[in-house]
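Enquirer: This is what each chain is made of:
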Amino acid sequence: MIINQTVMLNLLAAMLASFGAGAAGALLSARWPRVSRVIGHSFAFVGSTLALALGLAGLAGGTISVTVAQILPVGGVALGIDRLSAFFVVVIGVVAAPSSFYAIGYTREYEGRHSLAGMGAALNLFLASMSLVVMARNALTFLAMWEAMSLASYFLVMTEHRDRETERAGWVYFVMTHAGFACLLVGFLLLAGATNSMEFAGWQAAAESVSPAVRNLIFVLLGLGFGSKAGVIPLHIWLPQAHPAAPSHVSALMSGVMIKLGIYGLARVAFDWLGAGPSWWGGALLVVGAVSAVLGVLYAMIDSDLKRLLAYSSVENIGIILMGVGAAMSFQSYNLPALAALALVASLYHVLNHAVFKSLLFLGAGAILQSTHTRNMEEMGGLIKRMPQTAVFFLIGSVAIAALPPFNGFISEWLTFQSLLLSFQISAKVINLTFALSVAALALTSGLAAACFIKAFGISFLALPRSEHAGHAREVGVAMRAPMALLAGMCIVLGVAPLAVLRFLSSTSSELIGSAPDLHFNWTSIVANDSFAIVSPLWIAVALVALVASIPIALRIFRTNTARRYYETWGCGRAVQTARFEYTATSFANPFKRVFSLLYRPVKELEIEFHPESRFFVRTISYRNEARSIFYDAIYGPMNRLLRALAERVRLLQSGNVHVYLLYILVALVVLLIIAR
Amino acid sequence: MTGRILIEVIQLLMVALGAPLLMGSVRKLKARLQGRRGPSVFQPYRDLRKLLAKEAVISENTSWIFRFTPYLVASVMLLSALLVPMLSTRTPLGFIGNIIVLMYLLLLATFFLALAGLDAGSAFGGMGSSREMIIAALAEPTVMIAIFAIALRVGSTSLDEIVRRGADDSLLLLNPGHLLAFVAFFIVALAETGRLPIDNPSTHLELTMIHEAMILEYSGRHLALIEWAAAMKLLLFLALLSNLFFPWGVASTLEPLPVAIAFAALVLKIGTLAAAVAILETSTAKLRLFRVPELLSGSFTLALLAVISFFFVR
Amino acid sequence: MTILLRKILKAPVVTEPDLGSLDDRQIEVIARQIDYQSRKLFGRSLHIREVDAGSCNGCEIEIAALNNPYYDLERFGLRFVASPRHADCLLVTGPVTRNMADPLRRTYEATPALKIVIAVGDCARDCGIFAGAYGVFGPVSSVVPVDVVVGGCPPTPQMILSGILSALTVHEPKQGIDRE
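Residue numbers (this note's numbering), protein chains in the order written: chain V, 763 to 1439; chain X, 137 to 450; chain U, 840 to 1019.
Accuracy of the hints is not assured; some may be wrong.
[Unchecked claim] Cut-off 20 Å, straight-line C-alpha distance, at most; resulting in silico cross-link-like pairs (DMTMM-like, lysine to aspartate or glutamate):
1. K1355(V) <-> E1367(V)
2. K166(X) <-> E855(U)
3. K164(X) <-> D965(U)
4. K1147(V) <-> E1230(V)
[What the hints assert, rightly or not] Listed next, with one range per pair, are the computed distances between beta-carbon atoms:
5. A963(V) <-> G291(X): 49 to 55 Å
6. R427(X) <-> R937(U): 48 to 54 Å
7. I1315(V) <-> N906(U): 54 to 60 Å
8. T344(X) <-> I847(U): 17 to 23 Å
9. R845(U) <-> S1189(V): 47 to 53 Å
10. N906(U) <-> L416(X): 20 to 26 Å
11. T344(X) <-> S1189(V): 45 to 51 Å
12. P1040(V) <-> L309(X): 49 to 55 Å
13. E391(X) <-> I1315(V): 32 to 38 Å
14. K846(U) <-> F178(X): 26 to 32 Å
15. W200(X) <-> I1315(V): 55 to 61 Å
None of these hints come from the bench; they were simulated from the model. Even glycine gets a Cβ: it sits at the ideal position worked out from N, Cα and C.
All chains should be built: construct the whole structure from the sequences, respecting the hints.
Expert: Given below as structure tokens:
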């Protein structure tokens, strides 16, 4: 099916118009908060659906290539869609549509407290700029849209700006994203200078002629820039602060989509702009990905704040995606393009899957936040009885993110495993060892992720409520449940019948790498590398359902006792069961804290205040067992101190004296005149 | 066609009906080693039959997850029984998944069992879930690296292929990587099925329980399903160990005679491994919980050495 | 480890045959409770949960001896379990003290039907030497319905074993007092 460019351009225009109308409408109706809220988010919903349509059309073969010379200098705004861009537009649409719809109900409680017009406008701007980032085709368009995306997301994060924690989170996010932007800017300018072109097509054509040293430098710079947006360790520190601080639908968008744009950038760098690079590029990404995956999930494991746990889990999944990209790069540098395409398919599939289930989880966390007014898991519990449908959706999300069959997370993690295991076809010992260790890292990650989400779901939803608020929780409205139901359904469909998605992914990665992936699939099974590995997600799901249904029937046929009696939990005969007897999130994570104490470096503080009269009576006991952030200790702390010291020195320049400033201007003018001669 | 269906049915019945017999045999052997006569080898069947006739007392704090988990866990074990090549390398349903799929299915069962442990709101259940998960998480890397070692030797992760090519290779046992991978996988099997020295399956002290603590709230038919599933898990792991690492005797066709020989060979191999488990359980004490990660890291090192040896011996 | 292994493999099976108790007068079977249905159900499989309702632990030591290789109650299909949810039979010792009356009742309720209660020791039968003390609530039968009483202070493991087996189809009590 060939979709001609007119259709594509129409879709693009409609999408941008919708976002524009949403932003404008939200701002114009600022006087009436409810109207502003509904207009802003409804148009965002429509725009996201159009983005989804645009992306699907792009995956089906449609392309765009449009340049508008006037808006930006040096080449204007250049937009284009190829399969990779279309795929990421689909990811944006898939997450943004449910999130915007959800926001219509969710933002009701911000009425009167915060600016809903600002939220609506910022959201529309955010979505539009993200879509345009993946469609950008020259450097300035990309950078301008990137910056717009960062600014819009900053305003969204700062929605609850009166909260001290949010203020700090916003500040860290602002600094990190602009540090990344600076790296991107320098990298882009170096590349543009070396290839004499600001167009991506120009870079692709001339990449081979750039000297290896400069290419390595550009790779490192762009890697740092895109990596900090993606949230890889150790550039991740903004993630666990910004994602919890933002409203839940914004967290869903940031975690589900925005950090994937860092992956988009890295994929472009590795396979498009810089051409085939030396083997250490792939190895470096693989190692960074493995470290991010393991450390991300370890930090998620000990966290009691539900949204921060989800944020760290995003770091973990970005690590997994990055491992796939690194593996693909390694395969390509060793001339195994089919395997490279396979690894890239695994990686991109995980991008889509993570977008779906992470946004589902964040929307669920938002529902919990709205019902119980707390993010602290230590105060939740028993919500499965009070919010039964949300519980089912959250459970589906948890099982999916733990990569368990028959849901979607399993398929992409299975594919990632297969591509890592196939590394034995490379015959370089160091690379083989690196891949072996990364297999171990991925396995450890998946085990820990399962444990982490048992904690997240089990402590929040099961057993008895641990606080008043949790005891009075109520199910959220249909407008908030419907998007969650849709995302949960997608988790199931993508897991059981991945055929359609795999076809698109296959064509995407073969376009990018230049060779079809080593993958055969039909509606029942997936085969990797010619019988190296095989899985049939459909039959697994069918068999499980059939068995689970037939066991009760078999029990009835054998005339077993089907009586059921309800009584209290067994507590060794004690008189009363309260929530204080339950396991808490901290206690659940305690074995992990002890086993991995080398990483967490917990700081134990025990203060006992005795009664003034006698040491045999205790007034209060205060116990703290917190994990120290090794990144602050090792990297950011010293860096902050260094910058402060430098800033103190530079401050001497700012004397406050107008005459000195006039002298500076004179000196600068003279120097420029000398240079310009 | 009928042969293919028949072999799957036989395999399913073998696992479903033979698992309690395996459990009974291990207990009987342990009793004999302890100098007592011990229960009959058919005792687990009697226990299960009795449990199916009792009522189920369910805690008021639980939710549907508590009632759903026993059925899911039993189903996962039955599905895994269809995947593992026990009698023949031509397992018709082998296309459902490779060894990685098998490991993740078992993780699915553990996931829901841990949730059920948290569901009743008792401290025992939470403790069991928490401990079970740290052990499962730390056993995962060993499993995957051992699989990597096997895949390196064979060039495939499909269970049928591994058994078939292993049977063709006459120098298998001389391969040091192979033996290292076997030891590592054996330790993981002990950890996953909750045997000594990681977890004592017959303890009464809640503070020493791991698997048992998660199922303290179960009674009646639910308990029967979970006990049955635990027995099936042990049988599956022993069958995997036997056929992946000592694949001789496994039939390569679906003819009756080779399959019968394969059955006898399997009984012999599983019997030997069960005896090894029983002897190990009788002669070692349970490890303190926070010494278990050391044991699992040791098994991980063995598996990694197996992989490295395959790289250098190629 | 090898020394231990050699020891294990050399030690013989020392289980004594079950000859029945020498003094079965102490075992009372309240035939009404242990009906044919329960005996058929528990066939050769009984899971026992031991409840200490304030005993001096003399009976506990004798009960614990049932697990050793000499008495080996597992060969009859009996097993001790940790949770009353897993149990079919409650083995109660001790004069029920005030503090343990409620926990005993809760343990009984937590056990799924069908279930048997066996009261072990003189204290469980009628508070023994503690009868009338200020901390004692009453005999076990005043808290939960009792099916078998095994008297003695403490009863020997053989007597306790006979008492338990009288609830199964295998073993008829030698001199049972049928209360009807």
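Enquirer: Of the hints given before, which are not true for this structure?
Expert: The structure conflicts with hints 3, 5, 6, 7, 12, 15, although it agrees with all the remaining ones.
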